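Keeping the supplied structure of chain A fixed, place chain B upon it in accordance with the hints.
Residue strings, one per chain:
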Amino acid sequence: MGKSDFDNANPTVLSVSQLPSRTQAKGHVRKGPDSKYDHILFPKQWWAGSSLNSDPSVWTSDEDEDEDLTLATEEPIDEQEIYDLLSKISDPEHPVTLGQIAVVRLDDIHLSPSPGERSDPNSLVNVEVDLTPTVNHCSLATVIGLAVRVRLENALPPNYRIIVRMKDGSHAQDDQVNKQLGDKERVAAALENDTLKGIISKMLETCV
Amino acid sequence: MSNFKDWALQYVLSDDETAQSEIAKKAAKEIENTRASSASVGSWAASIQPWITITKQDDDNSDDDDDDSGSGDIIARAKALGFLADTLQALDKSLLRPEQVIRLVGFFGAMFSYDHKAGITASAKALRQLYAMKGFKPAVGVKMIEDVCKLKEDFKLQTAATRLEIYELFLSLIQDQSVNDELQDKYGTSSGFIVDILQLCQNERDPRNLMLWFKLLPIFLTEYSTSDEVTEEIFKAFSAYFPITLRNSATPIGITADDLKNAVRACFASHYKVTKLAFPFLIGKLDQGDAVTVSVKLDILKTVKACIEQYDNPQASIVPYINKIWNSLKYEVRNGEVKETIDATLDVLRAIANRLDGTKTQKFDISLLKNYIDIVVDDCRDDLANPTYTKQAGLLLMTVITTNIRAYTLESAAFVDIIRKNLRQPKSPSHTKDLLLLLNSTLKSRADLFKKRAEGHAEDEELLKTESSDHLVALYHDVYLPTWTGKSEETTSDVLKQVVQGLALLATQQTIRADGQISLLASRSVCSEICSLLTHTVTKGLALSQNDYSTDAAVQDEAVLALQSVVSTYTDGYAELVDRAKAEIEKRDWTAPSKHNLNALQDLLSRLAFIGCSRIPLSIALDDESPKPFRPLQHFVRLASAMLDLFPLSPLPTSEKESLANSYVISALHGSILHFRDACFEKFEPKVLEAYSGSDRNWIEEFRKLPKDWLHQLQGEEGSSEMVIKEDDPEIYRELLRISLFIVRHLYREAAYGKQAPWSERVFAQVANMAALVVRSLDENLQRSCNLAQNAFNFFFSEDLSSSGPSSLAPFRKLLILGILQGLRPAAMAELYAPQGIAETFMCDTSRMATVLLAVGEIRGTICAVLANKYKGGQNTFDPESETMKRVLNFWGEQIKTATTTDDIDPAIFEVYNTVAIHTLAGACARQDKNVLSLVPIFHEAIASPGPNGAIVARTIGGLVKTNELLTSENHAVVKRFYKQWAYTHFAKPLYDLALPTGDEDTAFAAGRYTTAILSLVSNCPFGVYQEDLPALVRLLITALNNSAASGDITQPQVATSLEVLVEILSNEPDALKSHLREIITAGMKTYEEAAKSNLTAGSKGNALARNLAAARKLTLQLLGAIPKKFEERHLLPYALPMQRMLAMASGDKSREARKVALLARENWAKVV
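Protein chains in written order, with numbering that gives the first Met the number 0: chain A, 0 to 207; chain B, 0 to 1168.
Don't read these hints as lab results, they were simulated from the structure. For clarity, every value in this text was computed on a predicted model and none was experimentally measured. Idealized CB from N, CA, C, for every residue including glycine. Incorrect hints may appear among the rest.
To be verified - Derived lysine-lysine pairs resembling BS3-like cross-links, with alpha carbons at most 25 Å apart:
1. B:323 <-> B:214
2. B:539 <-> A:30
3. A:35 <-> B:682
4. A:43 <-> B:1155
5. B:185 <-> B:25
Said to hold, decoys possible - Which chain A residues stay away from chain B? Per the calculated CB distances, all over 10 Å, these:
6. 12
7. 20
8. 27
9. 29
10. 75
11. 80
12. 109
Just chain B, same shape as in the assembly:
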């Protein structure tokens, strides 16, 4: 038994918390071992005797003079008590018997009377442990509260942590139902213990403790029946803190000002018995006028809202105060300027209306709501005629009326009527605008209420069925149409925009018929009239002459948005629009249109696509008609067939410009797919749609059986072959892809076998881009089952055509192949790669190369790049030996070798060969095909070869790592993450040693070529790739610049390339240039001077050269100008003067762009003095 004494001593002497808790655990174990025999508990309690006895005397002595003599003992005593508390914490909670608990409570409770210095923390902790004991009895809880309250004034002298313990204890006790019963029984409604606690805890300021305190106070209100006096005391206890703030503290405590605000707010809203205190208090605070800051105002408003929403029994708790609240709040909106407070105020007003309406299950008597609305209407009605207050008064009215369906049906007709009357005699255009805005907002709110009708009480839906809607339908003829037709010079576009918005809102309003069927509120004739009016606005651009500026783009854009929403419900409107637009377009001659007409056409077609296809149309009945079947793709089909009818607008274009009209038609098709795709993605999860982007059917085969005018048939009333799709069925996406593929196939066949004249490069490219979009959206199975890889090369040719394939190939038709290939997934292309198969034949085909344009070579090259990139050989593929790609690469290796070692091939022709070769390699490079490496020596030799062909290779080798927009993951290309690094290491790195000048005449030529090649590669790599070669690279760059400047050959593209790389290095790692500053500055200045001397300008034949020159000038200025920002002045001083002189000259550069850069450079250098 003496163990306890030792442990107590060890505990008191220890300063380590873990060690202390170990000791306490040992003591607890010991007590548990004896099954808490009286002897062991007694000796455990007695173990701290040495510290307690001294304490009492000590405490008495030092009570008055408060000297420090006893402080050591106080600490020891506190620790000794802590030993007991910790032991209790570690002890099995079921062990102690009730009488033991009572005795211990007595002991610790006494501490609150005697030992205010040392005993409180440990005692509070011990009491909390004892509360958790099985042997705890409710009556003991009452005693605990009474004991703790004896602390009185000394409570606030305790540390925050100690007080926290006490709050925790209170919270546990007060929340305990049995203790609650005991307390009620003992104290009744006078609730003396509450008063004691309130007195004890007043003046709390610690945020963490306050959070508990604010948790405690509402419990008094909700769980205890208190007399009015006590209720008022409780209210005072928390309202004294309102509005609460929190000082910024250096040590974050994890509690924010918002936490505190919410906690106080919860106190206010906890029970409606404080209602007669809370509302006058809060409104009184609000009415203090300018003294209240915005954040306090928000706090008040949110608190009022919380009270309104949470108080029970609104008839008693809220109704009596409505007048008071309204009278104070209305000014916040009427005269308010801060958006946040206005919004918060409206929230409160809305909360009142909702509370008076009732709940989802139970509605209150309608008179409550009606009286409230009447107050609001009476106050605001007259303000609507006063332009200064129209907006605010309207906002108040509208907010209250459109809060819920009952309020809306009660008062909306009267409200709309007031606005209508005011609109007949508007005071100013802005008055008209405000009134229209109110009307539109009301319509919008009605639509929202209608949408949410199912969430409310069943009665709400019934109300909507019987709602009178004549006043709304009449708005078209009474308000919107007159304002639109009566527009004058003074009518601002804001007013017109409001009219357009209103029309859309009116046409899309829905209503519920008596039989439960949803239909449009406006009749067919009104919808149709609205549509015609908007259609006219959108299509009139074509009819206007170039100098007619009466069309306001903003109003037109608004009309586009309006039509977008109108035709999604009134679906017949879109057919009308498309037909009208089509007729307007067909009326005109598009052979040589003016720029103005082309712009109008571009706008119109782009808008048509957006209006009809950016939303999935709904199926809503009209008037008394029965609902039509859901046909989500009807607009898309309508537009597509109209566009296919229109194409080509310009049948015989003689230039790219004249083919613009044709390309706009294709853009409309492309745009409609993009928009509809977006609409699908908005409605369904991407994951869901992924599953619907495939099929194992061969759509292409199915298309063969369809008539050419299939799309026309789809438009028919029955929509015969269109599948029946339900509203929430993602099948709609697959159907979009199917029809899109049909369109692509149609256009491809037209392009390949139809009349060639309308097809310019631009139109080919447009169709190809569209095809790429459609193809890449399909999944692998579908791409395979439709045999798209083959179809790419035969343009969807099939045996039903008599000719044996495309005849006289327009050179740019290759773009069509590219369109499909770029979207295919590698696995869907596998069969192309069979040995001697299509891919190999295509990639090694040099038959027509000697005669084609370089641009065509680029296209062929890019196709090769895609083919080389998506190649896969090996087992279970069509190329089991992995030979195909190796052969292709070797073929091109040989070609390069031959062309650079002999003089057989003319450089102009070799340029085309080289383009295809580099592209093919680039495709394989992105995949890090090891076979590419076998070509490295060939390329290195080719670069150094003396002929002009070697120069071409050196200049273009960077194409291997040039970023290609077609090789992206979106296009299912295989792009390894570090392929640029890989290619750089193999192609560029070995050249550095060879490229550095040695002074030897023999190697100088090759060195120059190597430099060109390195530059070509480096300029297409990100900085990180060549970072480690910076020292050598910088020397190369400077030499290259000096050589070009010295030879006067500034027009070469590598000059600009070198400068670009230098600018890149300067911005990423300027230190690499530090030791070369003199050389860089001299070379830069020299380069600029040389470049400025030349008289080459654009417009002459030397466009490309002039561009190189201008780029060289601009880049030099950019490089030189950035230097002062990167280096300390002492490095720059020697160059400042000549540099400033040169830059002064440069600010008279021929090109405006270059002058701008020079100006910046001048500013930077002016600071160097």
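This is chain A alone, in the form it adopts within the complex:
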């Protein structure tokens, strides 16, 4: 594809650090010149001896920093997690990710029932993702939608129902695109197409 073929040759690109992420919320980070010996002076476990005891929390300095406990904490799938799954998909035209050009936005991902309301882990959950193409005549909107769909289907458990749409008014033909993306038969047929499959697997390469 030559340069002139780009639907949008110059999209606004955000840097990776500007994207919403879970780690931003984390508290006190020390990285100044004086932090060279932090691992000795402020150790996670304040006693370095080897312990036969299977419960390490006895020696850990802060309840909320206990890594093993994070593993055991129940954290249902939330919007941020869906966003993390999607934001790293590459754009088919540019060497940037969908998150960087804000095709996928955290605010446009909705889970119902929301993570806090879910009682039974096996109940049905709707995932609605609204995409915002960089220009409203983007011919690749369907491809992007397809890739998002494939990614979610590969990553979410079977009780999640996936709905991928173009955000209202963001695309000249959003009705048609939405219809295409919502039609299971057509999605399945599209994925039989080797060229399309190639493009999509290329887009998903960056999701590691």
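Relative to chain A, chain B alone:
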């Protein structure tokens, strides 16, 4: 005499080089035997007659049609000549008489006229040998050159190796002074022979030959006086190769493109008589614009630099070309984008300034340098007002001005003035930043010039003495302060960072007074103001509220670095900083501080330690004051006494969290020791410091005579009891250790005998870690003379205290013992091991065990581990019979035995016993103490015993080989290299047979226990240790997993352990699992399903169980997910579908961590189709 003929024939017929050289040696010997009589030399020369005569006809015949008929003869003829050449090589060099040499030269020289096909290689070689003969006369050398040049066009038809011989010959001759004289005499400045050689050798392309050729050419320039025409010819000969490249060759020849480039460069720079050719040529190449690649540009610039640096007589060779060079080079910087070319260009400009300044011994007239600088200033001055070019123009100016002291004193005031004027009306924030950057770079360069003043001309130092520095001092009030105070929303942190850096550079500038005394450039008041400003930036974190984000961490970090360098020269600044910080901290209540305040405190204290202690302060005078005595530890002492005053910040903490403030104070002390230690290691060699880490004095005894507030006294103006230490004296390190030990002793006594309330576990641990650092830095003698082994147990108690020892022991106070013991060297602990001595009593003390927490048991156990590890018995020790350790181990053996054969001990209490026992054994294991082996049967029996205590032993036996961070060589522990292998062999290996299921009900119980024990050991060993038992181990692992899954008991820690081991095996030797794939996959899937069913989560009481469960889930997914990467698809196909279904469910796992692993696993399995 017919020998020669035979030898010649043998030589010609032989193809083996060694055989040929043997023959040549024989011939040489023969000639030597006859003392080179004319007859023998004649017959030797005539021995090749048969090949030579035919040659001539042959050569004539085949000259035109070049057919191959004579090629056999050519080879034979070449060999025959080779025989002569080789003989000459083997011949005694002093033997041949001059007339013989002349005759032989005549013979071989003729070959260059007649025999271009066969004669050249051997002749060239022979001529080189003849040149080396004692009978060689210079006139003969001239003839050689003339003869060789007759080769003319046919030179390039010779092989590269032959040409190499000729280059070697030329090089020898040309370098020879007598031949040189002869040549000059014969040819004069017209140098016809040079022209001949140039013609002969043009078009050379072989890299190896070129290296010689480029060695030869400069000699013509430097050693021969040549006419302008000839000089130009020589210049053409090498400049034609510029810029030189080298094609990549399949067969490496040991010469790189850089070698060639350097060789050509050396030609250019060899003599200034090519100056009027070289500079226009090189600059012309540079001005070709875009056609020049970066690497060529670099080559040109480096060559120009080499010429500038090496040409003699710069007034004549360089000055005329400065304008031309400057006009071309300035664009490389002004519009340049590639860093390498910019740097190389600046190097050239610097080289010019240095060359015009003169040398260390002789300075040139200042006008040369001044004219050059004027050109640069005129061109760049206006660009500074243009934000687009500020940086580049400034870079050019600054580079030239700060090249040397003379240039600096000449022009810096004017330069600084231009920047100052521009800073008053900056065009944009980035313009301000660029201008500040230039100012800072100038200051930095000045500091560098000042430091290097002694390396230059004596005049330089005089210049510095009379240098006007007002324009620099004024920068504080004129530039930095207004920019800082006038900051607005728009001021970027980059600008502020530059200001902070500038302040530090300004405050640390040094100057030399007329009396030769070094002092700070800025006055005391300016230094003090700078310090206050920076201090305020660093300390204000405490005063801000939680929601105030106006503090920029980057600026603060910069301020920390700035203060670090400022207080190392303006030493009074640190006292100010510490006092201010101390006052700020004392103002607040630390009983129940907010998280925000705690973070601010942590930052502040950690920064204080870094600022004052990461550099050894210097002693530099201020203003007109006389210099103060050198007191390298003043900052360290100041900080330490402030911290000891502050402790405890929170006198009555009720939780670990509330004791954080106290622990930060201790961390600051610990940090200051670490930083200062680093500073010492940076200044002195580790070896040197090692010698200064000891003493045979008893410091602890000396401390008793010191007052409690000794550190306060040390701060006093005189520094009364502090030793006088010179600047380069490593004694400073010993003094650091001494004061540190004083601090440790003080804290230990406080902890043991003072008020108990402020001492939480965390603070004990902090103090212990600090003690460990100090103790392990001391050498053996000092550890012994200070009696540290005893002091570890009595917390530096001595008779001057009325009580008979520590009263109501806080349980975690044992950490203090550990702190000292872990740093001691084994030899310094010897006396502890006397029979019934402290060590034995401690290790066998079970008196309070029934009542203590398991965590306290861990600490006691670890102390035992250290004691057991550093034990040494035998002759000349306190335990001559080597009984102590044996008794201790037997004691614990008995304890284990009793506890597992009777029901006397409650499992909860036994857990503590067992912990201490296993740790003690682990310490001995690391040392491979043979006495441990006597306990093997006891342990094996204990593991299989029916009671719950046996299960505890089985589960924890891995502790014997668990890596303990306290048992390291840094801590002077005795750790044998293969001890894990050793322990595994004795404790785990015999159990495999017993652990495998037999189907027999009776043995099943014991087998289960053995499996647990094996797993416990294996999971703490590296893969290599259990590698050879893989078949049995894998079966055990699968059985264990199946059993746990079947019984629904997934929360047991051994489930996670088994999975961990399986993951380890899968990554190291997947083949071991190949035949068990079905079982592993089924067991894994089952385990995951069971683990996912459970509703246990964290937060409830079952934290540990929930953790085990989550770990089991994550590890199963990790194991299953890694399988497709290790095996071929055909082995996996049958499991793909159910696996994909299961993993799809697993990607809805409760834990986010586990979901991530599931996602990866899903991706891996999706590829199996």
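Practice prompt. Output the numbers, in ascending order, of every earlier hint that fails for this structure.
Written response: 1, 5, 8, 9, 10, 11
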